[in-house]
Each structure stands twice: as C-alpha cells, then as structure tokens.
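Chain residues, written in single-letter form:
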Amino acid sequence: MKTADDVQVLYDQAARDLCALGDPRLEELKWRIARSELQYHSVKPELLAELFHETLEWGNSAFAALRAGGFIQHQLTYFTWARLDARSKSYDFDILAAIEAIVAMQCRYFDLTPILPALERLAISIEDSAEREDLLDVCINAQHLFLVLVASVNSPDLFREYTALAKASHAYAWSTSLSEGGAACVSATIKGMVQALADRDAATAARAATYLRGMPIMPGVAPSQHLAERQAT
Amino acid sequence: MVQFHDLEILLCALHEFEMTESVDGFDLDLLEATCARVLSATPLEPVAFRMAPLLTHAREMAAIRG
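Chains as they are written, first to last, in my numbering: chain A, 1 to 233; chain B, 1 to 66.
No wet-lab data here; the hints were simulated from the structure. None of these values were measured; they are calculated from a predicted model. Where is the CB? At the ideal position from N, CA and C, for every residue including glycine. There may be inaccurate statements among the hints.
[To be verified] Just a few of them, taken from the derived set where beta-carbon distance is under 7 Å, the chain B residues facing chain A:
(1) M1
(2) V2
(3) F4
(4) H15
(5) L30
(6) L44
(7) P46
(8) V47
Let's have the full structure, built from the sequences with the hints guiding it.
Structure follows, in structure tokens:
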C-alpha cells in the first residue's frame, strides 16, 4: 500500500480543499457546523440528500465536499458533524498554533527566501479582505499562508498531521470567534509575522503565530499594544 | 471523488483493528483496493492514511503465516 509522500502533492490537495467553492446550498450548513449548532449524530449521504430534497448522487457529492472541508469527522464506527464547540476549537487551535510556532522557529535555520513571495502575496490578500471586513476570507487566506509555511519544512507526516486540523471548517470556526476589529488585527499580525520570517526573527514570528490562534480581540485596542501587553505579563 | 461506501468499509476495518489489533476477518484484497481508491481520490483522507500501513502489516503477517 503506497501513500503519497510528496509534500507538493499533499499541499496542492490541502490548498484545493481549503479554497474549494462548494455548492452554495451547503454554505448555511457549514456555518451552522462552525457555530456548533447541530446535534452530533450519524451523518450519511442519505441524510444530506433528504435535508436538501436532493438525489443520493448529490448527497454523495455533498458528503465528499463536506468531508474534504473538515465539516464531517469520523468517530469509532460512524461519521458525524465536526465538533467545533468552544472547548474543542480551543484544543485544536492549540495544536495548530504549536505546529505553526515550531515551523516559524525554524526560519532561524532554514532559508525561507523561496516561499517569501507566496507568503507576501497571501499577506496582501489578507489585507485586502480585512479592508472589506470579510472575516471568512481573512481566515481562509491566513490558513492558506500557514499551509505554505508548514509545507516548507518538507515533512509529509508533519504536513498530514497539520492538515488533519487545518481545514476550511476550522477557518469558518475561527472567523466566528473573531469580534469587531478582528480582521484588521489578523492582517496586521500576519504582516508582522511575514516580516519577522523574512528577517529570520524566529521568536517574533513564533509569538505572532501563537497569538493569532488564541487571539482575544479587544475592540479599540491596537494589535501591537495588545501583543505588547500580553508579552509583558 | 471519494465514495462514502469506501469510507464506510475502511472505517469499519479501522475500528476492528483498534478493538482487536487485527483485520483478520476482512478481505485484504478488498481493503487494499478500497484504500488505494480513496487515497488516489484524496491523499489526505485520514481514515485511508491510517489504514494504509496497517494493511501493509496485515499483508506481511498473512505471508508469514503462509
């Protein structure tokens, strides 16, 4: 049995799944899952077809799309809506932040020059989305930027572990947890992180990465001030 | 596109392995073909990715037993 060990192949798939434009009828369902509004019961294509008054073929396709986006998880013997309540989300974000921080720290040893243009392009996209106050777009692009960063380590196993959580579902859930001013704050922090990576300032890059995932937004407080206060404590 | 039925088969086998540390009651050829199909549709499917090394091991054990 052969599994793909080429990080480029894995990255391409993860990026496609993250940015996939699904059936617009599924969007409301995705938001309900991200807000943890659904009961955790067995999910099958038949259920999706029934919910949307569609054919089983459509149900199969919708199931595959939701599964690829991380909106359907597996339990012991069945599939269910992703668990994205505050506690689960916090746990998952801690894991993501830990991986992102470790990878950011490695900029001290690795030359990130080849991936810097991609990171800078994504940082600009995040800035544009933040100006439009499009929180979901900000979070999807930020997640995409971290995919590029983690892929740069070129470790298929690490990348698989990372992408098990770094999915569209978590970007949706992330966007629901950001309050007013959150988009600008994420954008500013990402910009600072990319600059720190370019400068090989590992500690600042890792601090920014972990800050993003656990960011309690305070309206009216500048991100730099908030980060400085957190560092001081 | 990943077929739900394929995922069901793999999840069932994975659960069996977690309970008994073996997939002896399953058709290895079927499991391998299913796993390969899922991984070719998406190399990031976690159930298939976890099953792949288990199937390699099960195949080796079957060969040792003759």
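Hint check:
{"no.": "1", "hint": "M1", "in the structure": "holds, 5 Å"}
{"no.": "2", "hint": "V2", "in the structure": "holds, 5 Å"}
{"no.": "3", "hint": "F4", "in the structure": "holds, 5 Å"}
{"no.": "4", "hint": "H15", "in the structure": "holds, 5 Å"}
{"no.": "5", "hint": "L30", "in the structure": "violated, 13 Å"}
{"no.": "6", "hint": "L44", "in the structure": "holds, 5 Å"}
{"no.": "7", "hint": "P46", "in the structure": "holds, 5 Å"}
{"no.": "8", "hint": "V47", "in the structure": "holds, 6 Å"}
Against the hints set out earlier in the document, a violation occurs for number 5 only.
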